[in-house]
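Chemist: Sequence:
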Amino acid sequence: MATLYFDIDRTKSKSLAIIFTDRMQLADLSSVFVVKVKLSFNLNSRGCYVMWKILLFGFCVFSATAIQQIPERHSLYYVYTAMSKPVAAPGIFEFVAMGLLDDRQIDYYNSRDKVKVPKQDWMKERNTKDYWNKGTQSRRSKEQWFKVNINILMERMKQNNSDIHVLQWRHGCEIEPWADGKPKFMKGVDEYSYDGRDFLSFDDSNSQWVAPTSAAVPTKQKWDGVPILNQYTKGYLESECVDWLSKFMKYGEKELEMFAKDSAPRVYPLAKKTSSPDKLLLTCFATGFYPKDILLNIKKDKITLTEADGVQTGDVLPNGDNTHQLRKSVEIPESDRAEYECEVIHRSLEKPVIVKWDGSYATNQGQGILGIILGIIVVLIIIGLIVGIVIYKRRIIGKYADANGTGENAKTNGTGHSSFAGLDSAGRDNPKDQDSASSQRSTDSGQGSAGSDETSNPLLHNEADNV
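Here the sequence shown is numbered in full-length UniProt numbering, starting from 1 and rising by one per residue.
Among these hints, one or two may not hold up.
[Claimed, not checked] In silico SDA-like links for lysine to any residue, alpha-carbon gap of 20 angstroms or less:
1. 182 / 240
2. 124 / 243
3. 220 / 207
4. 356 / 266
5. 292 / 105
6. 300 / 334
7. 187 / 210
8. 292 / 258
9. 119 / 96
10. 272 / 309
11. 328 / 355
12. 299 / 354
13. 292 / 259
14. 220 / 195
15. 328 / 361
16. 279 / 311
17. 299 / 266
18. 272 / 210
Hint data in this document are derived by calculation from the structure and do not stem from the laboratory.
Let's have the full structure, built from the sequences with the hints guiding it.
Modeler: The following block contains the structure:
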């Protein structure tokens with residue numbers, strides 16, 4: 001039996017319009033509803049009287065519920081990617097690091113220039129010179145840590161240097177809008193990948209490392225053996241990262257809000273023949289929107305289709321202009337004469353945008369819009385062939401472990417940590433820039449000891465923190 005949820009649209013009179021939907025997925029707009037069953041209620045002091053517009057069942061509402069909204073989620077991630085040897089291709093560097101706020105690049109570092117630079121004007125304006133200087137030193141330290149630890153992993157896995165190997169690290173957090181004046185922590189991520197495969201990740205709920213491959217087990221055991229490391233990792237994800245995310249959102253609030261208003265989604269219904277002679281693949285494609293939180297629906301005769309109807313939903317993907325795209329598809333009979341629509345709901349829109357499918361479709365020979373799109377994709381693939389040599393191994397879930405390690409048996413810092421042979425989360429940018437015999441830490445902190453936007457782990461950048 002389907003569970004029905006509803007929203008309430010308060011009109012100028014005492015009547016309420018209640019719209020039912022079969023799943024909780026409404027948007028970031030207080031006036032947007034998914035219509036399935038619409039009833040009209042006349043309220044009085046004794047209760048409620050139901051006037052059916054669609055005679056399906058009786059219902060009486062004694063209390064109103066809040067309007068469902070798309071959560072406005074924000075994220076801050078730092079991504080580090082290192083290769084085992086240089087690649088002779090323009091724009092491809094042996095080491096790259098960047099900060100991403102809501103998938104928008106806010107800072108950047110590469111092994112050629114060796115300087116951490118702002119990628120948004122407001123980041124440059126609001127952060128001090130000291131912030132960027134310390135960030136540069138931190139990234140340089142990480143670059144050296146990666147060189148050491150890629151070699152350690154190659155040796156551990158009995159690999160030679162004839163192929164390119166890629167080590168990545170990603171860490172950061174996600175929040176939802178401010179509740180009681182404070183951001184709400186939703187998710188923390190701290191994970192590594194090697195050659196495009198999951199290598200190690202931090203389980204924030206249980207404060208322990210997870211090793212999906214046997215090659216990572218020694219590292220997991222080593223890091224879990226140092227409770228303070230896990231405590232700092234959890235603290236950074238749930239507290240310091242959230243603070244920096246909130247700060248950066250405030251720094252760029254005006255610009256981001258203006259960009260969001262100018263980044264309303266465009267939606268296109270597209271269809272093509274499938275391998276089955278009597279089937280079509282109908283796709284609703286939304287693009288050009290920011291932020292990335294969006295609701296996209298395929299409707300048949302005004303009814304929203306779901307996974308139970310065969311709807312397949314892709315990931316929200318970045319475009320090259322800081323906006324995003326999303327597509328949903330469903331297979332339908334070619335002879336179907338129902339009315340199909342694409343509906344998109346987004347915070348930049350005053351009301352939902354609905355575009356009807358006109359019934360046209362591309363053939364398998366690539367005619368029509370889809371054929372053009374596929375042709376463009378092929379050209380881009382050819383242009384990016386050299387880049388693909390590296391990218392095919394790459395998956396941005398790499399978490400970066402930082403330390404100026406000397407090898408698998410690097411000396412410890414008094415905490416029991418060594419190299420990637422015990423790959424350590426020491427790679428993160430530390431809030432307090434302290435270098436000593438026992439703790440070689442660097443920072444991406446902007447304002448002195450105010451803290452690092454990338455990490456708060458005091459074990460970072462230690463010689464003992466290699467893989």
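Chemist: To test your reading of the hints: which numbers does this structure violate?
Modeler: Checked against the structure, the only hint that fails is number 18, while the rest are satisfied.
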